[in-house]
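Asks: Here the protein sequences line up with chains A and B, keeping their order. All letters in the first sequence, in the order written, are residues 1 to 141 by the working numbering. All letters in the second sequence, in the order written, are residues 1001 to 1143 by the working numbering.
These are calculated hints, taken from the structure and not from any lab test. It is possible that part of the hints are untrue.
Unchecked claim - Derived DEER-like restraints, expressed as beta-carbon distance ranges: (1) Ile111/A with Pro1039/B: 40 to 50 Å; (2) Asp1098/B with Arg137/A: 15 to 25 Å; (3) Thr1114/B with Glu125/A: 20 to 30 Å; (4) Thr1114/B with Pro37/A: 15 to 25 Å; (5) Glu1101/B with Thr4/A: 18 to 28 Å; (6) Ile111/A with Val1011/B: 18 to 28 Å.
From a predicted model like this one, the values you see are computed outputs, not experimental measurements. A virtual CB, placed ideally from N, CA and C, is assigned to each residue, including glycine.
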Amino acid sequence: MPITEAHAGRHYPPTAPYPVSATKIAEFAAALGDDNPAYQGPDAIAPPTFTAVVSAAAWESMFADAELDLALRRIVHGDQRFRYVRPVRVGDLITATLTIDKVRVRAGSEILTCSVRVQTTADEEICTTSSTFFHSREVAA
Amino acid sequence: MTAPGLPEVEVGTVLPPLAVTFTRERLVRYAGASTDFNPIHYSDHYAAQVGLPGVIAHGLLTMGVALRVVTDWVGDPAAVTTYFVRFTKPVVVPDTSDGVEVVFTATVVGIEGTVATVAIEASCAEVKVLGAARAEVELGGVR
C-alpha cells in the first residue's frame, strides 16, 4: 500500500549512534572542496551540512519502509532547512530521529515533508532539519 | 543599520563570490562522504528514468558548497545558526573533464542584534539553481 496523507506523524526510532571522527569530517570537507581550517585536526568541527550523513541514515529508514512503497531513485530533494544549536565535533556520538510531518498526494507523485532531530547519545541537541522530498510514482516513458 | 561592534557589516554588504566546478568525480566523492547513493547522482540510466536531462548534483552538495561563501567570509563555521535553500533547478553534471561551473554570490539582507541574514544565489549557466537561500550568522562571537 503506497504512502497516504494519513502517514503524517509517522516516526522512526533513532538511527544507530554514529561516532564522528576527524577523518570523516576531513573527508566531508574535501568533498565540498572546503579547506576551512576549522574542519581539520583532532578538535575539528564539522561543516554545517555534515548532519546530512546521519540524516541520510534516517531518510533511508523512511525510503525503505515497505508500508510507504517509496523508491530512493524516484526521490528528488525539494528544499532543506537546518537550525543549529551547536556544531558537530570530533568525538560526538550522534543519532538522527525522523518524523514525517506532512504528506501530499498528487496524481502519480507525492510530496513528503519530514523533520530530523540530530542529537548526541547524551541527549544534547545539535540541530533540527526539515526537508521536502518529491517522489514520482510512475516511471517516465 | 549596522551590527554593534561590526561597522563593516551592513544591509547590502556583498560577500566575496565563489565559482566552483562540479564534475562527476565531485559527485562520487560527495556520495561517499555523505552516504547518499541515490543513483540519479551517478547514473544517466536512472536519471533518465525519472525524467532528468542527465546526472544531477546532490542538492545537499550544492547547498554545502554554497555555504562556503558565508563561512569563508565569517571565518568560523560555528557562527551559522540557520540555513535554508529550495532546490529550484537541478545542476546537471556532464561526464566531461570540464564538468559544469556553479557561481555563488551572497548579500547581507538583514541585521538583527548581532545576527546577520545572508541571501545566497547560485547560478549554473546563468540559470538560478537555488531559491530563497538564506543563512543566519551570529556575528557577536563564537558560541
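Asks: All the hints need checking, so say for each whether the structure fits it.
Replies: Here is how each hint holds up against the structure:
Taken as a hint, the range 40 to 50 Å is violated for the pair isoleucine 111/A and proline 1039/B, whose Cβ atoms sit roughly 21 Å apart. Taking 15 to 25 Å as the suggested C-beta distance range, the pair aspartate 1098/B and arginine 137/A does not conform, at roughly 36 Å. Roughly 22 Å separates the CB atoms of threonine 1114/B and glutamate 125/A, a value that falls within the hinted 20 to 30 Å. In this structure the supplied range 15 to 25 Å holds for threonine 1114/B paired with proline 37/A, their Cβ-Cβ distance being about 23 Å.
A C-beta distance of roughly 42 Å is found between glutamate 1101/B and threonine 4/A, which places it outside the suggested range of 18 to 28 Å. Checked against the hint of 18 to 28 Å, the pair isoleucine 111/A and valine 1011/B fails, with Cβ atoms roughly 34 Å apart.
In summary, the structure is inconsistent with hints 1, 2, 5, 6 from the numbered list given earlier, while agreeing with the others.
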